[in-house]
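Participant: Listed below are the residues making up each chain.
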Amino acid sequence: MSDGVILFHTTAMAMKAEKALTRAGYQVTLVPTPRQFSSDCGIAVRFAVVSKETVIEVMTKNDVEIAGLHEL
Amino acid sequence: MIYLDNAATSWPKPPEVLKAMENVLEQAGGNPGRSGHRLSIAAARVVYDTREDIAQLFNCPDPLRVIFTANATYALNLGLYGVLKAGDHVVTSSMEHNAVLRPLRDLEKQDVKLTVVPCASDGTLNLKEFEKAVKQGTRLVVMVQASNVSGTIMPIANVAKIAHRAGALLLVDAAQSAGVLPIDIQAMGIDLLAFTGHKGPLGPTGIGALVIGKNVDTSQITPLVRGGTGSQSEKQEQPEFLPDKFESGTPNVVGIAGLGAGIRFIQKKGVKSIWEHEKHLIKTLREGLSPISGIKVYGSTNPDESVGIVSFTVRNKTVSEIGQRLDEEFGIMTRVGLHCAPAAHQTIGSFPEGTVRLAPGVFTTTDEIQQTLKAIAKVAQS
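Top line first, the protein sequences correspond to chains A and B.
According to my numbering, the first sequence holds residues 9 to 80 in order.
According to my numbering, the second sequence holds residues 86 to 467 in order.
These are computed hints drawn from the structure, not numbers from a lab.
In this text the structure is predicted, and so the values were computed from the model without any measurement.
It cannot be assumed that every hint is accurate.
[What the hints assert, rightly or not] Derived CB-CB ranges, DEER-like:
1) B:Cys425 x A:Thr37: 44 to 50 angstroms
2) B:Glu319 x A:Ser59: 28 to 34 angstroms
3) B:Asp147 x A:Ala32: 55 to 61 angstroms
4) A:Ala32 x B:Asn108: 55 to 61 angstroms
5) A:Arg31 x B:Ser405: 52 to 58 angstroms
Cβ atoms here follow ideal geometry from the backbone N, Cα and C, with glycine treated the same way.
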């Protein structure tokens, strides 16, 4: 199983996403945004990919706007 | 020592507030949102948690619509200069603080049309008069929720209905009401709520926020300050998304940590019970003051129409003399003068001399109020 990262426009949104995913039972960590995906100096949420779709569903349900989702 | 200047800043602060500020420096000392290491993330968590605390306190559905500012003045300036453009019409009351009136007088020079609705001498707003002032197409209504001079509470929910019928936004100055009165921005129809952390919310000075309602189109609001946000660093233009659009530069993380702890403290106590406590103290004060010979007490006599603030004057005595004697002879701290609100003093009839303002807080006891009443009676008589 590979890991994925979700990118956000702002750190505040990454915090919101971390809380929403944790509440939904996901194991997530906050990591520095990988430079290959973005030039932002912010942080990204790293998670174990089981299903990208359900992760996106959690994001939408919690009003979390994402800037990108990539598999590592 | 009796501290009755909580309308200027609340004191003392709960020990939890001091602890939270110490902890953040010690354990979360990174720059939130700038780097990706553990201390940066720890700081970002503290900042986000306080956003949530604020959103919960005012029933704002989205913590990202909480914009941190230095204080209520900055938040009000952001709301006023952010929304109003040349040619716009804005309505306010005659009970406003200079944090509202000075920006508005400046905006008038930039061709913003201003209507100031006169209030009654007890500080109350006549809704019919207000309704006449709001025209179809009025851009903004800005109003204090509770006067810092008389404590008088404005009928904000009704003001919101009238503002919205005309298509105007409502900006509320909650400097004296946040943390003291229950505020639900959705139920009351508040579009923009400006408050400071160091009064009712029991946080430190230097931190406040502008809370933006869900229905406000933030593309129509311009930022006061632009700069680094830790986001979209490849661009030289300010980002449009929240909160970054309105939050440039490293935030006051220590202040934010203290504010969060203060809000959690008042939430645990219950905002409603804090208001009941202050209402009881104000009732005791008003009842004890009124029989004193030569005294004039200002503000509404209806206990449901006032926060924990009472203003008074004594015939043939200057307010500065009363304030000084209360401090030096009795250890009672008050604030005298015009309280940065000349229009409010003109409205209640105490301009230019001003008043002595008594502002008990969440930690003030009935016994302290009784001692204060005795001291004022002595000062008034000799």
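Participant: Failing hints, ascending?
Facilitator: 3, 4
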